Amino acid sequence: MKPDPIAERLGKIAIPQVTNEAHKRRLKLALLDARRSAWWGTLLIALPALFLTAVFLQYGLGVGPFFDPLERFIFAPIRHSGARWLEPLLLFVLPLIAFVVNLLSVTHFSVTPGRDEFVVTVAVKRRWWNWIVVGLSGMIVAVIFLYAVKGDR
Amino acid sequence: MANDEPLHTSARSNTPEAFGSLYEQYYSQIFGYVYRRILHWETAQDIAAEVFLKAYKSFWRFRWSSIPIGAWFYRIATNEVNMFFRVGKHRRDVSLTELLDKEGFDAPDARTTESEKANAERELQRSQDFLLVQAQVRALPAKYQDVIALRYFEGKSIREITEILGKGEGTIKSLLSRGLEKIRKKLPLDATE
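Residue numbers (my numbering), protein chains in the order written: chain A, 852 to 1004; chain B, 13 to 205.
Just so you know, these hints were derived from the structure itself, not from any lab.
Predicted model, so just to flag it, every value in this text is computed and none were measured.
Positions of the beta carbon are idealized from the N, C-alpha and C atoms, including for glycine.
Treat each hint with caution, since some may be false.
Using C-beta positions, here's what the derived DEER-type ranges look like [what the hints assert, rightly or not]:
(1) A/W979 to B/W76: 27 to 37 Å
(2) B/E126 to A/L937: 45 to 55 Å
(3) A/I866 to B/T27: 31 to 41 Å
(4) A/W890 to B/E36: 11 to 21 Å
(5) B/R73 to A/A897: 25 to 35 Å
(6) A/V970 to B/K179: 48 to 58 Å
When the alpha-carbon atoms are kept at most 25 Å apart in a straight line, the in silico SDA-like pairs for lysine to any residue are as follows [what the hints assert, rightly or not]:
(7) B/K198 to A/A865
(8) A/K879 to B/H52
(9) A/K976 to A/L883
(10) B/K69 to A/V975
Isolated chain A (complex conformation) (with noise of 0.2 Å):
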């Protein structure tokens, strides 16, 4: 069969390629970074968190039905396994990383340089949930930092 000519013609179109870096990071930076950086903060500071209230509970306001399994059932146990190390790991070191990297999520800075100065422009992303576990992972290590310093176990 004879080629039709127009459909050669069109074949042997030069294709304009173009590339758009910047956007594609850009929309990957809000697609999916930060929600991923918020789940993880989540599970690094469920355990913490439930820890604290039912420290409050039971110390602040008497009530205590969660601390007795928790303390029985998880710290109690990490203590006599010898892996002593494990509680810092689980109430202080995990939402301190909770923390940094969901406040990094939430932050950029870009630098740009000036002919005598450097600019630096902060943004911030109002993405509740993240700042929602930099809040609390940020109580959590505060509290646990303060108990510590203070001695008071």
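Given chain A's structure and the hints, the job is docking chain B onto it.
Just chain B now, kept in the frame of chain A:
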């Protein structure tokens, strides 16, 4: 399209991580496709953002056995492009600007964007032949635009176009043939030589 499919079966999951890999793999193709259809940088960005936002939202229920993932992205993009032409100007559900505003970011890398936009415009200026044909294609009804753009601008095979548009091979061939016939009337061969 089949060649673009993720090679590892582990990549064929519906997790955000898998979507991230697919995004890396398909962003440039989809943005390029939308840009070549629209020929407007900012609008192409907005439409590409919508394509991936819609894909991300419904990715959890994407069935890998239904159509190739690349065809799925192209299908969403084609629908968005047609919606743009149908509705006209910027009546979009969400644009990248809105999306990033919602997320709270301004444009920290505006210079890179401007530079890439300028490169794209230079590339277009070099492709006068493409612009000539594209102008004729854009004057056609959407059904012809889709098949011609996918076949000749994106280099897709007939089978790939059937997967993207969800139509039979006979229908695609017929649309292609009739679309070319309509262009032939408006685009003399010697004008593109």
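Quick rundown of the hints versus the structure:
1. A/W979 to B/W76: 27 to 37 Å: Since the Cβ atoms of A/W979 and B/W76 sit about 33 Å apart, the hinted range of 27 to 37 Å holds.
2. B/E126 to A/L937: 45 to 55 Å: Since the Cβ atoms of B/E126 and A/L937 sit about 51 Å apart, the hinted range of 45 to 55 Å holds.
3. A/I866 to B/T27: 31 to 41 Å: 34 Å, holds
4. A/W890 to B/E36: 11 to 21 Å: Holds: the Cβ-Cβ distance is about 20 Å, inside 11 to 21 Å.
5. B/R73 to A/A897: 25 to 35 Å: 27 Å, holds
6. A/V970 to B/K179: 48 to 58 Å: 53 Å, holds
7. B/K198 to A/A865: Satisfied, since the Cα-Cα distance of roughly 20 Å is no more than 25 Å.
8. A/K879 to B/H52: The hint holds at about 21 Å.
9. A/K976 to A/L883: Measuring from Cα to Cα gives roughly 13 Å; hence the hint holds.
10. B/K69 to A/V975: 24 Å, holds
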